[in-house]
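Given next are the chains, with one letter for each unit.
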Amino acid sequence: MARATSKNARIGWTVAAWFVALLIFFPILYTIITSLKTEQEAIAGFNLIPSFTLESYQTVQSQNNYWRPFTNSVILAVGSTLLALVVAIPAAWAMAFSPTKRTKDILMWMLSTKMMPAVAVLVPIYLIFLRTGLMDTRIGLTILLMLINLPIVVWMLYTYFREIPGEILEAARMDGASLRDEILYVLTPMAVPGIASTLLLNIILAWNEAFWTIQLTTTNAAPLSAFIASFSSPQGLFWAKLSAASTMAIAPILILGWFSQKQLVRGLTFGAVK
Amino acid sequence: MTITLRALLGGTALCATAGIAGAQDNVTLTVATVNNGDMIRMQGLTSEFTAANPGITVEWVTLEENILRERVTTDIATQGGQYDVLTIGTYEVPIWAKQNWLVPLEFDDAYGVDDLIPAVRDALSVDGRLYAAPFYAESAMVMYRTDLAEAAGVKIPENPTWTDIMTAAKAMTDKSKEQYGICLRGKPGWGENMAFLTAMANSYGARWFDTDWKPQFDSPEWQATLTDYLTMMNEYGPPGASSNGFNENLSLFQQGKCGIWIDATVAASFVTDPEDSTVADKVGFAKFPNKDGVDNHGNWLWAWNLAIPASSDAQDAAKTFIAWATSKGYTDLVASKEGWRAAPPGTRTSLYENPEYQKEAPFAAMTLTAINAANTQKSSVQDIPYTGGQFVAIPEFQGIGTAVGQQFSAALAGQASAADALAAAQANTTREMTRAGYIK
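Protein chains in written order, with this note's numbering: chain L, 5 to 278; chain S, -12 to 427.
A portion of the hints provided could be inaccurate.
To be verified - In silico SDA-like cross-links for lysine to any residue, where the CA-CA straight-line distance does not exceed 25 Å:
| no. | chain 1 | residue 1 | chain 2 | residue 2 |
| --- | --- | --- | --- | --- |
| 1 | S | 274 | S | 371 |
| 2 | S | 85 | L | 50 |
| 3 | S | 164 | L | 49 |
| 4 | S | 306 | S | 321 |
| 5 | S | 164 | L | 45 |
| 6 | S | 85 | S | 101 |
| 7 | L | 118 | S | 57 |
| 8 | S | 164 | L | 53 |
| 9 | L | 266 | L | 90 |
| 10 | S | 306 | S | 91 |
| 11 | S | 174 | L | 51 |
| 12 | S | 164 | L | 50 |
| 13 | S | 274 | S | 221 |
| 14 | S | 346 | L | 240 |
| 15 | S | 164 | L | 51 |
| 16 | S | 365 | S | 87 |
| 17 | S | 324 | L | 240 |
| 18 | S | 85 | L | 131 |
| 19 | S | 174 | L | 35 |
| 20 | S | 306 | S | 164 |
| 21 | S | 346 | S | 268 |
| 22 | S | 164 | S | 134 |
| 23 | S | 162 | S | 134 |
| 24 | S | 427 | S | 371 |
In short, the hints are calculated from the structure, not lab data.
Modelling step: build the complete structure from the supplied sequences, incorporating the hints.
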């Protein structure tokens, strides 16, 4: 009897989990469906059965070259993430293994920088980019995206590092490991799941960033967010084309997320069960 | 623009000072634009321009209208120089020109400034100087289904009054067949429902502000405007109209669900296009209505224009590009490639004198009549302190117009009464105008 109840409960939970997952995924699914409709179908109202036309994809590709913004997106997302890891790993190491009484305050301060709306600092950052020649450059945006996501990266890595027993690092030190060896050969391999999930999450965040990447670019460094923004039209139907552009923009990150989901989940729940 | 380019341009400028020819060699123009059909067509024809001007390369930045406005404003305010040619609306031109953000435009005789439609030219001029060249322009007019009007036994005259429109809308409505007598904008926004409602209010004899900048939503003219608008939309309009803008109504009309649609004249080419519209051969046109006894047809006038920001460091090349894109020759080029229907409308008198255009575009005559009738210098029959047709040409209007639009859209959605919406609009606008220093 007890087994039957638990089986029912399991089915119930599974159904609930699928429902929630579908609910979360639905906007993306509907974007994909809309991209396969004609413009008239797209604006006509809610309809899950498209006419499966690829017309919008053809128009999008003929109007704008997809590969230039795609390349920029890859460079910005991967570049800013790697740069963030280079800065954040030593920072998180220091805070996790040599905490001071100010460590918590520093962590909170870092997080507080995420609390201000981006538009509040638009003009100063715009001027800095102008004066330093970083406007519409990949390097400028890579640095900016790295700085934007750095607090999250440091926080995540700090949380993962705290799960690693300090004694292991002490043992390495007793065996004569230098600081560099300790971080590179002892800490990093043990924190791989955490680092990997941080890396993936940060790539996703950087890929989807759509304020600075639109405000600080014109043509050379414009990534896929700017590509999507170019398909909205004040006079003329555009929902199917916009959906096609969005699908093309999210497809790479969706595929990356699909293949790395185990790693992502493992990293995000790292240390949850001991 | 890259640093290399700046250096190149600096060099070219020096050469020009020294009197050496070739000032436009190796210039890259960055053109910021919106994703409208006519703009995309221009983008596709860029190679024709670069072939004729080998020293100039053109880079396009296409953005959503509001993002474009935001980007360009930031860039001009900070003297960024990211763009050399801007696509801006009639609303921005006088405001930005007064701030010295735009370069005044002077063209040679071959360009034919006198060929530009006077109403459009006036809307883009400040103190007699042209600050932007019109790429395409529009007014507003009535588009209606001739077959439904005939079946319902009503006739819409060329110069209809609002009473004519309401009578026809009522007669054409058959909600059981998803056939709605009238489709009008309801989506909130200064450029959405407020563009229509401001024009409608003009035609009712209303005004946004009196000569002391005091809002006039408590006037009987505004009350009549909003009451009639809500009556028409609630009784003869489609469901969910409070979220319908230009595109949504375009789709409804093309699918044969609207008897009457009153909106921008540019819509005429969409609704009569047999490829997209199921009612292409059943559309009639009439002037924007007026209220009985009020000699005012809304004064709607909008143009998408090309302008040069003062911060551009390639102003000569930018002017060359604008002269090409807004020339008579460009219109001929479009016509030769895609037919006369595709020619950018509303900017040049010569286009409307062209018999081939008149033949291919059944809406040509009414479009020209509507544009010519628009008076943006005095849009109300009462005395007003502002210019602008379906908007008020002050920087604060974007915020105020959108806030009022939200009140009126809420009234359309049934969340507030007309009286409440007008009272809220009056209070909100008075507060903002006082804060901005207009009301002492």
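For each hint, the structure was consulted:
A threshold of 25 Å between alpha carbons decides the hint, and for residue 274 of chain S with residue 371 of chain S the separation of about 24 Å falls inside it, so the pair holds. A threshold of 25 Å between alpha carbons decides the hint, and for residue 85 of chain S with residue 50 of chain L the separation of about 46 Å lies outside it, so the pair is violated. Under the criterion of a C-alpha separation no larger than 25 Å, the hint pairing residue 164 of chain S with residue 49 of chain L is consistent with the structure, at around 17 Å. The straight-line distance between the Cα atoms of residue 306 of chain S and residue 321 of chain S is roughly 20 Å, inside the 25 Å bound, and the hint therefore holds.
Between residue 164 of chain S and residue 45 of chain L the alpha-carbon distance is near 19 Å, which keeps this suggested pair within the 25 Å criterion. Distance check on the hinted pair: residue 85 of chain S and residue 101 of chain S sit about 23 Å apart at the alpha-carbon level, within 25 Å; holds. This hinted pair checks out: residue 118 of chain L and residue 57 of chain S have alpha carbons roughly 23 Å apart, not beyond 25 Å. Among the hinted pairs, residue 164 of chain S with residue 53 of chain L is consistent with the structure: their alpha-carbon atoms are about 23 Å apart, no more than 25 Å.
Straight-line distance between C-alpha atoms of residue 266 of chain L and residue 90 of chain L comes to about 24 Å, which keeps the hinted pair within the 25 Å bound. At roughly 10 Å between alpha-carbon atoms, residue 306 of chain S and residue 91 of chain S fall within 25 Å of each other, so this suggested pair holds. In summary, the hint linking residue 174 of chain S to residue 51 of chain L is supported, as the alpha carbons are separated by about 22 Å, within the 25 Å threshold. A hinted pair counts as satisfied when its Cα atoms are at most 25 Å apart, and residue 164 of chain S with residue 50 of chain L qualifies at roughly 19 Å.
Taken as a hint, the residue 274 of chain S and residue 221 of chain S pair is honoured in the structure, with Cα atoms around 23 Å apart against an allowance of 25 Å. Between residue 346 of chain S and residue 240 of chain L the CA atoms are separated by roughly 24 Å; this keeps the pair inside 25 Å, and the hint holds. Note on residue 164 of chain S and residue 51 of chain L: the hinted pairing holds, with a Cα-Cα distance of about 20 Å set against a maximum of 25 Å. Restraint check for residue 365 of chain S and residue 87 of chain S: the C-alpha separation of about 24 Å stays at or below 25 Å, so the hint holds.
About 21 Å separates the Cα atoms of residue 324 of chain S and residue 240 of chain L, which keeps this hinted pair within 25 Å; it holds. Between residue 85 of chain S and residue 131 of chain L the CA atoms are separated by roughly 24 Å; this keeps the pair inside 25 Å, and the hint holds. For the hint pairing residue 174 of chain S with residue 35 of chain L, the CA-to-CA distance comes to about 22 Å; that is within 25 Å, so the pair holds. The hinted pair formed by residue 306 of chain S and residue 164 of chain S fails the criterion: a straight-line CA distance of about 53 Å is larger than 25 Å.
A threshold of 25 Å between alpha carbons decides the hint, and for residue 346 of chain S with residue 268 of chain S the separation of about 14 Å falls inside it, so the pair holds. A hinted pair counts as satisfied when its Cα atoms are at most 25 Å apart, and residue 164 of chain S with residue 134 of chain S qualifies at roughly 15 Å. With a C-alpha separation of about 17 Å, the suggested pair residue 162 of chain S and residue 134 of chain S falls inside the 25 Å cut-off, and the hint holds. About 17 Å separates the Cα atoms of residue 427 of chain S and residue 371 of chain S, which keeps this hinted pair within 25 Å; it holds.
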